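Engineer: Residue-level listing of the chains:
Number of protein chains: 2
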Amino acid sequence: MFKAFRKEREEGQSPPKVVILGGGYGGVYTCRALEKAARRGQIELSLVSRDNFFLFQPMLAEVVSGSIEPPHILNPIRRLCRATSFFQAEIEAVDMDDRNVIIRYPGHTGYRSISFDHLVIAVGSSIDLSALPGVAEHAFPFKTMGDALMLRDHVIGVLESAEVETDPDEKNELLNFVVVGGGYTGVEVAAEINEFVREAAKSYPHVNNEEIDVILLQGAGRILPELAEGLARFSHRLLVRRGIEIRLNTRIKSATAQSAILSDGTVIPTHTLVAAVGTAPNRLLDSLLCPKGPRGRLLVDDNLAVQACPEVWGVGDCAAIPDLRAGGTCPPTAQYALAEAKHVARNILATIKGEGLRPFSYRSLGVFVPLGRFSAAAEVLGFKLSGFLAWWLYRTYYLYQLPRLERKLRVVIDWTLQLIFRRDIVKMDVARSEGISRAHHEAGEIIFRQGELARSFYIILTGQVQVFRQENQRETPMATLGPGEYFGEMSLLRAVRHTASVRALTPTDLLIMSGTDFTALADSSTRFGELLAGVMRQREHANATLEASQSVDLESGEPSAPPPRSDRSEG
Amino acid sequence: MFKAFRKEREEGQSPPKVVILGGGYGGVYTCRALEKAARRGQIELSLVSRDNFFLFQPMLAEVVSGSIEPPHILNPIRRLCRATSFFQAEIEAVDMDDRNVIIRYPGHTGYRSISFDHLVIAVGSSIDLSALPGVAEHAFPFKTMGDALMLRDHVIGVLESAEVETDPDEKNELLNFVVVGGGYTGVEVAAEINEFVREAAKSYPHVNNEEIDVILLQGAGRILPELAEGLARFSHRLLVRRGIEIRLNTRIKSATAQSAILSDGTVIPTHTLVAAVGTAPNRLLDSLLCPKGPRGRLLVDDNLAVQACPEVWGVGDCAAIPDLRAGGTCPPTAQYALAEAKHVARNILATIKGEGLRPFSYRSLGVFVPLGRFSAAAEVLGFKLSGFLAWWLYRTYYLYQLPRLERKLRVVIDWTLQLIFRRDIVKMDVARSEGISRAHHEAGEIIFRQGELARSFYIILTGQVQVFRQENQRETPMATLGPGEYFGEMSLLRAVRHTASVRALTPTDLLIMSGTDFTALADSSTRFGELLAGVMRQREHANATLEASQSVDLESGEPSAPPPRSDRSEG
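Residue numbers (our numbering), protein chains in the order written: chain G, 1196 to 1766; chain V, 1196 to 1766.
Quick caveat, the hints were computed from the structure, so don't treat them as lab data. Everything numeric in this text was worked out from a predicted model, so none of it was measured. Errors might be hidden in some of the hints.
Stated by the list, open to error - Derived list of chain G stretches under chain V, where covered just means 3 residues or more per stretch with a C-beta under 8 angstroms from a C-beta of chain V:
id : stretch
1  : 1265-1273
2  : 1601-1612
To be verified - Among the chain V residues that face chain G by a calculated CB cut under 10 angstroms, a handful are:
id : residue
3  : F1248
4  : P1265
5  : N1270
6  : Y1300
7  : R1307
8  : A1326
9  : V1330
10 : A1452
11 : R1568
Note that beta-carbon positions come from the ideal geometry of N, C-alpha and C, so glycine has one too.
Isolated chain G (complex conformation) (with noise of 0.2 angstroms):
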C-alpha cells in the first residue's frame, strides 16, 4: 500500500491533509502517532492550539505545592511533533462543507482557513460554574497552568496576609481552604493544598498550624466514586488523618469574595475556593453540525469517527466514545485519551490506504489517585494498591508517561530536591496589567484596518486620527476625530468587523479599552450604556442621512463580512 501512495506523489498529487484541532493528550498524541506517515510524505499533518505547549496534566496538581517547576511539565509542540505544521492560533470554526479549519493567530486580527481531508477533533472539555451564583467569579478553577500558578500565588498571598492579620475572624476567613469536588481532581488539589499549607506555614511565625482548615466538600456520599470503594474509604482515612475536613453529601449552592455558601444554608469563611465540578463540553462543539452525545459532546463510532461527517474523528474529552468492555461511553482520563490517539492514527491511515477500520476497546491499566506525599491509593490492573507502593508506582508510571528525556530529568531533579529542601514560598504575581491600556502612534499609521475583527474600543487623548474607506483601490475619507473624541464602539456593540479604518493624522495618544471590558460595560445597563445607545442612535442618523445623499457611512452600516463567530474553541 506505501507503494501505492509513492507513486501518487511522484505524479505530483499533494498527500491528504490531517489537521488536528487541539494540543492536549489527544490531539499530540495522535499527532505524534501520525508523524511517522507524514515525514515519509504518505500525509500533509498539521496541529492547531491555543498555546504552543502541551501541559502534561497528571502533575499539575504538584504545581501547587511546588513539587515540581511549571515549566518542567509543559512541553513545546514544536518539539514534540517536528514532522507537523504547527499553528499557535484560536479555533475559530469549522466549515464542514468546504473542509476548511478557521483559524485566528493571537493578536492578530485576519483569519485564515486551512484545508482537510481528515479532521481529528481533539478540543477537550470546558469549565463552566454559571449555575452557581459567585462561583464563577470567585472560585478558582483548576484545569490550566494558569490556573495553577494562579492559585499557588493566592494560597501564598493568603499566609502572608493572615500572618499579619489581627481579627481572629479575619485570620479564620483566611486560613479555610475549601475545595469543591471530590473527585480524582478535588481530592488530588486538597492534598496538595493541605501538604503545601502546612508546610509553608513553618516560615510564618504567627500561623500556626491548628489555626489552618483545609475542607473538602462532596456532593455523593463518598470521595473518590472513580475507585472502588475500599480504596476510596482508605484514602479517605488518610486524608482525614493528614488534617482535610472531609463533608460528605453536601453540596455549594453560591459563593462570594469572603465564603462559600452550602446547599443547606451553611457558610464557610474562606477566601480560597478552588473548584473541582462543573465540566462542560468545548464551545466550538457548538457550532459544529455534528449530532451530539450525553453532555454536549460529538457522537462518535465504535471506529472513533464522528457520526454522519466522513473523515471526521473524535477523540479524548469532548467525545462521547462508546466503551466496547465496561459498556457506557470511555471516562475522560489521559490514559483513555492516549489510547484512543494511537487507535484514530491507526484508523486514519487504514482509511487512506483503503484498509478496514477497527473498532476502538481498551482496557485501562488502572488508575491512580496520588494522597499528597508518599502515599497514593491505586487500582492497577485488578489489584488494588495503597500508601507507598502505589505512590512510588504512580511517580514511575507517570514519569515515563512525560515526554522528551529532557523533561524527565528536571522533574527526577525537581523531586530530589524536594526532599533535601523545604517547600518554595516565592510569590511570583507578576501581572500587573490594567484592562485599559496607551498606545502611542506616529502620524501616517494604521490603528486598525476596515475588515479586520473589533476588538478595541478607543478614546483619542491628544492628536487627531482620520476615519476612511476603501473600496476598489480607491480610499474615501470619512471624518475625522480629535482629542475626546472616540471611536470603534460600533463595531464592537454589534459584533461585525471595522467597515472603516482609522489612521493617525499626527502624533497621537490613545487610551484603549478591550473589547470584552467594552461590552461588558455596555451590557451593566448602566447609564453609560444609555449613553453609549443615544450616541450610535446619533451616529447612525447621520449615516442614514449619508447614504441617502449616496455616500457611505461612518463606522457602520451594514456588516461588510459576516460577524465574527462566538464559538472559540480551546486549544
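With chain G's structure known, arrange chain V on it following the hints.
Structural biologist: Relative to chain G, chain V alone:
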C-alpha cells in the same frame, strides 16, 4: 557593650527598633548583617518590601534566554532573614516626626504603622520613560522578574507570529529586536536576546537566521562606559561578530507598537523594543522631607546617614553616597549596595552601642559584563580579562554570591542542562485577566466600609445595596441603589477614603472597574468624563440640599480621613 544591652532587656526595656525599607540588595543584606544582633535580642528588626522575595538581579538577563529558570533567582525573604519581622506591603509614607512608617498590605484597604528608632531606606530606583512619547507604552523595561518574563514570552510570541507571517515587511518588523541603552544592562539583554532568538529559530522552519536583526542603540560614542576602552572595544567586536548591530551616537525619540523612531528621524520597524535607560528616583523619596542629592537621590554623608534626619540611613541605588576613593558618588551596582549594606549595619550597631561611626570607603572588586554564551568582559582588581576566562569568573563569582545552597544547586543544574539540551520555547502567558471583573455578594455582606481607601468603581447588575454611614456607633441609612445604578465614583475621583459604607441588601452581582482604569477614563476628557462630571454635580447638589436640612451626605462631603498619598514606594 553587649552586656549592657542584655541588662537593659532584663530590666524590661524593649530593644531599639530597626526598620528597613526595601527588599533589594541594600535592604536584604543590611537585614542579614543585623540578624545576629536581632537573634541576641539587641535590636528588634523589621523589613518591608512589596514582594515576598529577593531578586538576584545580576542573573535576571539569563531568564530571558531561559538559561536560568525564573524561581531559581528568587529567594523568599522570610527564609533569608529568619530573625526579622517581614511585612509584604506597599510603603505609603514615612512620618519622620513621629518616627513611623505607614504601610498597606496589597489587596487590603487598611493602613498600619510601624514605629522605628533607626530607619534604613533602601527602596532602590524606578524607571521613568515619560520624556519619550510612546516609549513608556510600547517598550519593555528591564528591572523586575515580571519584566524579564514578559519579554521572554513576547519574544517567543514574535517567533510564533513570524513563522506564519507571509508579508515580508511584517515579517521583518517581527524579526527586528531593538535594545535602547548600551550600558551594562542593555548589552547583557541584547546579548541574551540575540543568543536565544537565533537558537530558538531552529524550531521555526520558516524563520531564517539571516532574517533576524538584533539592534543595540547607544547614545554615547561607545558601548559600556562602565569599562575601560579596550575592553569595551573587545565587547563591541564580539557582539557584532555574533550578529548584533550596534548603532553608536544614536538616541531614541519616540516609539509606537510597530516602530522605534530615532532622533535623526530614522524609523526602525519593530515589535520588540527594550528600554535599558530612564533610571529615576523612587517615588517614595519625593515625599520625604530630607535633602536630595544629584538625580533626586537621598543625600547621605560618609557614614551613610541621611543628612538632617538623625538615625535615618540610606543605602543602595536610592542614595547619593560619596565615593571616598574614586570621587563623585558610588555607582548604583549590586556590588556597592552589598558593601554599603554591611557598612550601614555596622554603623547602626555602633550608634546603638554609643561607639563612633566609620566612614564608608569601598574599592570595587571589578566589573563583569556577560556577553552571551562562554564570553564576558571583566575588570577584576585592576586586571582586564575577556573571553572564556572572564565568563568563567563571572559565573563563579555570582554563583558564590547567590544566597542559599538550594538556589545555588538549582542554578548549577540549570546551567548544566542548558549545555546539553536546547533552549526552552514554551510561551507561558498565564495572565488573561480583564480590567473589569465581577463579584457576587450575599445579602448582608459589606462591599466596602466607610474610612477604607477607595479602589474601585461599582455597577450593580442585579440586586440591591444600601449606602449607610456610621457615626458614634449609630448607623444612618443614606440610600438604596438597584440594577443599573453605580457607586464608588465620588471617592475615586476625589482620591479620598470612602465616607460611607455599602452593604448588599439582597444577593447582588456587581461589575467592578479598577480605580486606575476608572480615573484613566474619567481623565480622558471624552464624553464619559462629562457624563460622570454631570452625575457628580447632581449628587453634590442633592447633598447640599440634604446637608442644609441637617442631614448627612451620600458618599461624598468632606473627606473624613487624609487623602491617600500618591507616593507609593517600590519595595
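Engineer: Decide, hint by hint, whether the structure agrees.
Structural biologist: Results of checking the hints against the structure:
Counting residues of the stretch 1265-1273 of chain G whose C-beta lies closer than 8 angstroms to any C-beta of chain V gives 6; at least three are required, and the coverage claim holds. Residue count for the stretch 1601-1612 of chain G with a Cβ under 8 angstroms from a Cβ of chain V: 5. That meets the three needed, and the coverage hint holds. About 4 angstroms separates the beta-carbon of F1248 (chain V) from the nearest beta-carbon of chain G, less than 10 angstroms, and the hint is met. With a least beta-carbon distance of about 7 angstroms to chain G, the hint placing P1265 (chain V) at the interface is held under the 10 angstroms criterion.
Nearest Cβ of chain G to the Cβ of N1270 (chain V): about 8 angstroms, under the 10 angstroms cut. The hint holds. A least Cβ separation of about 6 angstroms between Y1300 (chain V) and chain G falls short of the 10 angstroms threshold, and the interface hint therefore holds. Given hint, R1307 (chain V) at the interface with chain G, holds; its Cβ is 7 angstroms from that chain's nearest Cβ, closer than 10 angstroms. Of the supplied interface hints, the one on A1326 (chain V) is violated, with its beta-carbon coming no nearer than about 13 angstroms to a beta-carbon of chain G, more than 10 angstroms.
Against a cut-off of 10 angstroms between C-beta atoms, the interface hint on V1330 (chain V) holds, since the closest Cβ of chain G lies about 8 angstroms away. At a threshold of 10 angstroms, the smallest CB-CB gap from A1452 (chain V) to chain G is about 6 angstroms, leaving the interface hint in force. With its C-beta approaching chain G no nearer than about 18 angstroms, R1568 (chain V) sits outside the 10 angstroms limit, and its interface hint is violated.
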